[in-house]
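Just need the whole structure built from these sequences, with the hints factored in.
2 protein chains.
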Amino acid sequence: MALVNGSIQELIELSDRGFQYGDGLFETIAIKKGIPCFFERHLERLHNSCLKLQIPTPCSKLLNSETFSLAKDLDNAILKIIVTRGTGGRGYRQPEAIKPNRILSIHPFPSYATSYKEQGVTARFCETRLGLSPSLSGIKHLNRLEQVLARAEWSDINIQEGIMQDLNGHIIEGTMTNLFYVKNNMIFTSPLLYSGVAGIMRGIIMELAIAHGYSLTVRDYKEYDLLTADEAFLCNSIIGIWPINSINTTRFGIGMMTRKLQYLLSEYEQKDIINNS
Amino acid sequence: MALVNGSIQELIELSDRGFQYGDGLFETIAIKKGIPCFFERHLERLHNSCLKLQIPTPCSKLLNSETFSLAKDLDNAILKIIVTRGTGGRGYRQPEAIKPNRILSIHPFPSYATSYKEQGVTARFCETRLGLSPSLSGIKHLNRLEQVLARAEWSDINIQEGIMQDLNGHIIEGTMTNLFYVKNNMIFTSPLLYSGVAGIMRGIIMELAIAHGYSLTVRDYKEYDLLTADEAFLCNSIIGIWPINSINTTRFGIGMMTRKLQYLLSEYEQKDIINNS
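Chains B and A, in that order, give the protein sequences.
So in the working numbering, spot 79 of the first sequence is number 79, and the numbers just go up one at a time.
So in the working numbering, spot 244 of the second sequence is number 244, and the numbers just go up one at a time.
Keep in mind the hints are simulated off the structure, nothing from the lab.
Take these hints with a grain of salt, some might be off.
Same chains, same names: a pair is fine if it fits in one copy or spans any two.
Keeping only pairs whose Cα atoms sit at most 16 Å apart, straight-line, the calculated EDC-like set for lysine to aspartate or glutamate is [unchecked claim]:
#, residue 1, residue 2
1, LYS52, GLU153
2, LYS140, GLU44
3, LYS52, GLU127
Pasting the structure below:
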């Protein structure tokens with residue numbers, strides 16, 4: 001089920017710049033009990049990403065009404081919103097009047113094992129490096145070939161995520177997640193200045209950590225820092241927080257900080273759902 | 001006019017991975033007198049790009065017959081071939097059986113002034129830097145947001161091309177062209193190891209230069225090297241060679257080497273058209 005500019009449709013014009021150049025951005029939103037979770041944050045990031053890519057933001061009232069009407073009867077689902085620069089222009093040159101296309105599509109919630117949240121997941125390091133591209137870093141844009149190549153590196157169903165480094169060997173994120181680690185009760189994550197997606201869930205976790213007085217450091221770090229951590233965890237808008245129990249041959253315990261943040265997040269999500277009901 | 005997997009169609013599924021992630025690649029081919037110019041080279045690059053992106057190459061007999069049947073009545077046109085990883089998979093993860101989609105579309109030949117080839121064009125430096133991404137460099141893939149952002153920097157119709165540097169200040173290419181410069185009768189161009197598209201026309205010019213005994217150096221270079229050059233020129237499969245007559249406030253003469261290469265290229269192109277007629 002998908003809406004293209006408000007009309008039910010499963011197709012898009014070949015000339016759409018999203019198809020021709022990856023010229024657009026997206027949001028992936030969890031729907032629980034008919035409510036799109038953290039919707040205002042997703043709308044805000046979508047607006048900021050549009051600004052950075054110089055695409056006019058689609059009317060937020062329209063996005064709001066289409067989202068809530070698609071979500072209302074769904075218990076557990078995923079909503080993906082794509083905004084592209086529309087059609088037209090000549091080659092890379094954008095048209096003088098940009099008419100963005102907005103595409104909202106509903107997808108089944110993935111059937112992840114409940115053990116992932118409880119006993120943690122297994123991760124590996126990817127060979128594919130993230131490029132350094134400050135003009136695009138942080139944005140959830142449609143240029144995702146590096147993630148596709150990284151995710152194609154393994155097919156072992158016992159490995160749930162691949163961890164990506166940038167060209168300088170800084171650890172940035174998972175293929176579909178952001179990454180945190182904990183050492184001596186201090187929480188660390190990458191600044192994402194040159195690569196990576198600044199996830200909504202990453203932002204929420206950072207806010208929760210600060211609000212509860214935990215030490216949070218945003219800095220570049222490398223393999224050694226991660227592998228000698230006390231705890232490590234992955235996050236995104238769909239999975240929430242998954243503790244990491246091993247990366248290659250290194251095993252991690254699931255520590256108190258990860259459990260506290262899982263608890264705080266679950267509490268915060270419940271409030272969000274109630275506020276939007 | 002477009003063919004999607006052989007059928008006339010102007011639409012593509014929303015679920016195509018080209019639209020979702022820019023998960024694919026393309027070729028832009030000049031059609032002259034019913035002949036797709038340098039078609040075998042384009043097919044070869046398409047095949048190599050598919051290998052690098054782990055997309056099965058579409059059958060070259062099919063590509064061949066579809067291309068020649070679309071081209072046969074066209075005097076001057078552009079053929080764009082897009083190959084995507086098709087639909088399916090979960091998120092970035094590719095499906096176990098990849099069924100690529102091939103899209104051939106015909107576009108009018110741009111109405112560039114003949115003076116561009118004769119008296120040269122005006123270029124500017126772009127602010128947008130090309131990211132460093134060795135896993136994708138050289139490939140004409142569908143992740144083209146940097147080029148779109150760079151091309152959006154100017155609207156002055158008297159400027160024909162923008163020159164892009166990478167993060168390290170190395171000059172890489174134009175937004176839609178490759179770039180060469182000439183100093184003391186020696187020809188220089190960028191190696192494209194970390195960014196850029198290895199253009200078909202760039203390859204032909206390099207071969208012609210070597211075959212005629214000219215000195216060709218492929219190396220990193222910066223703004224100073226370009227601005228103190230004797231000659232500079234741009235190339236791609238559609239424009240051939242455009243001399244550069246100025247970059248920002250620096251003016252260039254149109255020197256003998258550029259003229260020789262234009263002549264050699266035109267001769268070589270005529271042979272290619274006759275061989276394929």
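Quick rundown of the hints versus the structure:
{"no.": "1", "hint": "LYS52 with GLU153", "in the structure": "between (31 Å within a copy, 13 Å between copies)"}
{"no.": "2", "hint": "LYS140 with GLU44", "in the structure": "within (12 Å within a copy, 33 Å between copies)"}
{"no.": "3", "hint": "LYS52 with GLU127", "in the structure": "between (29 Å within a copy, 14 Å between copies)"}
In summary, the structure agrees with every hint in the numbered list given earlier.
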